[in-house]
Amino acid sequence: METGAVAKTDGTPVLVRKKKEKMYVTTLKRLLKNKLAVVGLIIIIIQILMAIFAPWIATHDPVKQNLAESELPIFSDGHWLGTDNYGRDMWSRIVYGARVSLVVGIVSVSLGLAGGVLLGLLAGYYKKLDGLIMRIVDLLFAFPGILLAMLIIAILGTGLVNVAIAISIWSIPTCARIVRGSVLSIKNREYILAMKALGASNARIIFKHILPNCLAPIIVFATMRMATAILSTASLSYLGLGAQPPTPEWGAMIAAGQDFMWTSPHMTVVPGIAIMLVVFAFNVVGDGLRDALDPNMDLNN
Amino acid sequence: MSQPQQPLLKLEGVKKYYPIKGGILQRVQGYVKAVENVSLEVFEGESIGIVGESGCGKSTLGRTILGLEKATDGKIFFKNQEISNLPEKKRKTFKKEMQMIFQDPYASLDPRQRIGAALEEVFVIHTKMTKAEREERVLQLLKEVGLKEEHYDRYPHEFSGGQRQRIGIARAIALNPSLVICDEAVSALDVSVQAQIIKLLKDIQEKHRLTYLFISHDLGVVRHFCNRVLVMYLGSTVELAPSHELYANPLHPYTKALLSAIPRPKPGVKKERIRLEGDLPNPANPPKGCPFHTRCPIATERCKQERPEWKEVAPNHYVACHEVQ
Chain G
1 METGAVAKTD GTPVLVRKKK EKMYVTTLKR LLKNKLAVVG LIIIIIQILM AIFAPWIATH
61 DPVKQNLAES ELPIFSDGHW LGTDNYGRDM WSRIVYGARV SLVVGIVSVS LGLAGGVLLG
121 LLAGYYKKLD GLIMRIVDLL FAFPGILLAM LIIAILGTGL VNVAIAISIW SIPTCARIVR
181 GSVLSIKNRE YILAMKALGA SNARIIFKHI LPNCLAPIIV FATMRMATAI LSTASLSYLG
241 LGAQPPTPEW GAMIAAGQDF MWTSPHMTVV PGIAIMLVVF AFNVVGDGLR DALDPNMDLN
301 N
Chain H
1 MSQPQQPLLK LEGVKKYYPI KGGILQRVQG YVKAVENVSL EVFEGESIGI VGESGCGKST
61 LGRTILGLEK ATDGKIFFKN QEISNLPEKK RKTFKKEMQM IFQDPYASLD PRQRIGAALE
121 EVFVIHTKMT KAEREERVLQ LLKEVGLKEE HYDRYPHEFS GGQRQRIGIA RAIALNPSLV
181 ICDEAVSALD VSVQAQIIKL LKDIQEKHRL TYLFISHDLG VVRHFCNRVL VMYLGSTVEL
241 APSHELYANP LHPYTKALLS AIPRPKPGVK KERIRLEGDL PNPANPPKGC PFHTRCPIAT
301 ERCKQERPEW KEVAPNHYVA CHEVQ
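Sequence lines, in order, name chains G and H.
Residues 1 to 301 (the numbering used here) make up the first sequence, in order.
Residues 1 to 325 (the numbering used here) make up the second sequence, in order.
A couple of the hints might just be wrong.
To be verified - List time: in silico BS3-like cross-link candidates among lysine-lysine, alpha-carbon distance up to 30 angstroms:
1. H:Lys92 with G:Lys208
2. H:Lys143 with G:Lys128
3. G:Lys29 with G:Lys127
4. G:Lys127 with H:Lys90
5. H:Lys10 with H:Lys256
6. H:Lys207 with G:Lys127
7. H:Lys256 with G:Lys196
8. H:Lys202 with G:Lys196
9. H:Lys143 with G:Lys127
10. H:Lys10 with G:Lys196
11. H:Lys90 with H:Lys207
12. H:Lys256 with G:Lys187
13. G:Lys196 with H:Lys143
14. G:Lys208 with H:Lys96
15. G:Lys128 with H:Lys148
16. H:Lys128 with G:Lys187
17. H:Lys89 with G:Lys128
18. H:Lys92 with H:Lys207
19. H:Lys131 with H:Lys90
20. G:Lys127 with H:Lys96
21. H:Lys70 with G:Lys208
22. H:Lys15 with G:Lys128
23. G:Lys208 with G:Lys29
24. H:Lys75 with G:Lys187
25. G:Lys208 with H:Lys128
26. H:Lys70 with G:Lys128
Unchecked claim - Chain H side only, calculated, beta carbon under 8 angstroms to chain G, not exhaustive:
27. Leu66
28. Leu68
29. Thr72
30. Phe102
31. Arg112
32. Lys207
Because the hints were derived from the structure by calculation, they are not lab data.
The model shown is predicted, which means the values in this text are computed figures rather than measured ones.
For every residue, glycine included, the Cβ atom is placed at its ideal position computed from N, Cα and C.
Use the sequences and the hints to build the structure in full.
So, in structure tokens, the structure goes:
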């Protein structure tokens with residue numbers, strides 16, 4: 001109601017700007033009320049900062065070997081997270097690893113979203129395409145997730161780019177289903193009928209009216225999927241299908257460290273904690289977003 | 001009201017059947033006959049009320065006229081041109097001429113779109129106006145339906161029911177249509193708001209020479225609002241007459257029963273309430289003969305066999321009943 005008062009004294013332009021922010025601001029405010037989501041958000045922001053400013057944050061070159069200082073424990077001089085069996089600084093590798101997992105996560109989730117949202121929209125809106133698209137999606141669903149990714153990597157070859165592609169393909173069916181479900185429920189609403197009565201084209205209805213109204217589940221899905229994507233990248237790298245040495249990747253670091261479990265447990269524990277924290281953060285934020293974006297709460301406050 | 005010779009809208013035997021699919025192969029097993037053989041002429045400037053109980057096909061008829069549903073059979077003429085067989089692309093020009101006001105004003109507005117943007121979109125679709133022109137026109141429209149400029153940037157949920165319906169009306173009249181179909185346009189509103197909206201509709205009609213197809217189940221509102229009234233039962237037309245005539249002298253037993261159900265605010269006056277027995281028959285399996293014979297108090301053997309003809313019994317008074325001469 002404050003905005004109304006502003007509008008009366010300052011004229012409409014202020015009102016326009018105020019109102020434009022409103023939806024995002026209310027969502028953010030609600031998200032910030034959720035303490036767990038705030039913790040998650042902080043972890044995500046730290047990871048993003050680490051990824052962007054890696055060269056400045058890292059204390060050493062992440063791939064430079066120094067056998068004289070190998071397997072130093074945590075809190076050693078100059079290496080506060082210790083070093084691995086080749087004497088590479090663990091902290092620097094973790095920092096650069098944040099970059100790898102974030103980039104792979106973002107790329108694979110956005111590719112998966114692009115495909116999944118498009119398929120979901122088409123399947124939900126056009127009844128004729130529905131059967132065909134959803135059967136293809138069912139086919140993709142028939143494979144267990146990580147196996148499907150391994151199959152795709154087996155075809156494309158190992159490497160982080162292929163891991164991103166594999167994870168994105170694996171994200172498509174889930175995303176398509178979620179979007180199709182929302183489209184099916186939105187498409188029968190009266191405002192879509194009203195748009196048809198006005199003579200709006202199908203493309204306009206799909207992208208200007210249906211897509212914005214099913215954005216909430218898509219945002220939640222994307223956040224949750226980031227967690228899965230990062231975890232899968234680590235898993236595939238652990239299996240040797242993703243990042244190849246000496247790339248500092250968390251999953252690969254665990255794989256390298258497991259031979260030294262008894263002598264230098266920090267080599268597996270530290271990247272393990274990093275993966276756990278990030279996955280936890282994205283899941284918690286996704287949960288928080290789901291509550292914050294709840295359309296009923298959003299519209300009736 | 002003087003009626004010009006050429007009707008604005010003409011329906012000839014319009015039918016709308018919905019297939020019922022079943023079984024493993026989704027084969028068509030039967031049809032729900034939502035609209036059965038409706039013929040009607042609507043003249044420019046008049047308001048025709050379409051009444052009947054829920055499920056009688058009045059909304060479907062409205063949607064079929066607009067082209068939201070494709071007619072199964074029959075012809076629809078608009079300004080002397082057949083529009084029922086036009087391909088979707090050519091229909092766009094006619095969509096400008098025919099608009100609809102929906103029952104639930106909240107559900108018919110995109111919750112994520114500001115009112116200004118929603119109204120401007122109409123012009124984006126149909127005209128090549130610039131942003132400034134559109135904005136000006138929208139502000140003008142808002143004023144015309146009794147809203148304020150500051151409402152331009154609000155979301156639908158920030159309005160009351162009556163205000164939302166005003167937005168619905170603004171959207172419907174934005175392109176200066178000649179025919180507006182009001183599908184239960186005031187049914188969801190409070191009585192006091194109803195009166196305001198009806199007054200607004202009437203004012204707009206006078207100003208733009210609009211023709212209304214007023215679909216409603218509220219006989220009181222229809223009586224007040226419409227020049228002619230069409231009564232429907234189970235997808236079929238039952239009676240059509242000028243409203244004063246219909247309300248004073250209903251001929252069809254169904255119309256009589258409907259009218260006797262209007263509550264009258266005079267406690268002293270005793271009136272005879274005609275009660276209809278039984279439920280509305282299943283439209284997937286309508287009774288043979290007159291669709292109303294299962295509930296009709298004066299049904300005869302003939303009604304069970306023969307479908308009554310649609311005939312003019314008095315000037316401009318049409319009835320479909322064997323018992324009315």
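Hint numbers contradicted by this structure: Per hint list: 2, 3, 6, 7, 9, 12, 15, 29 and 32 violated.
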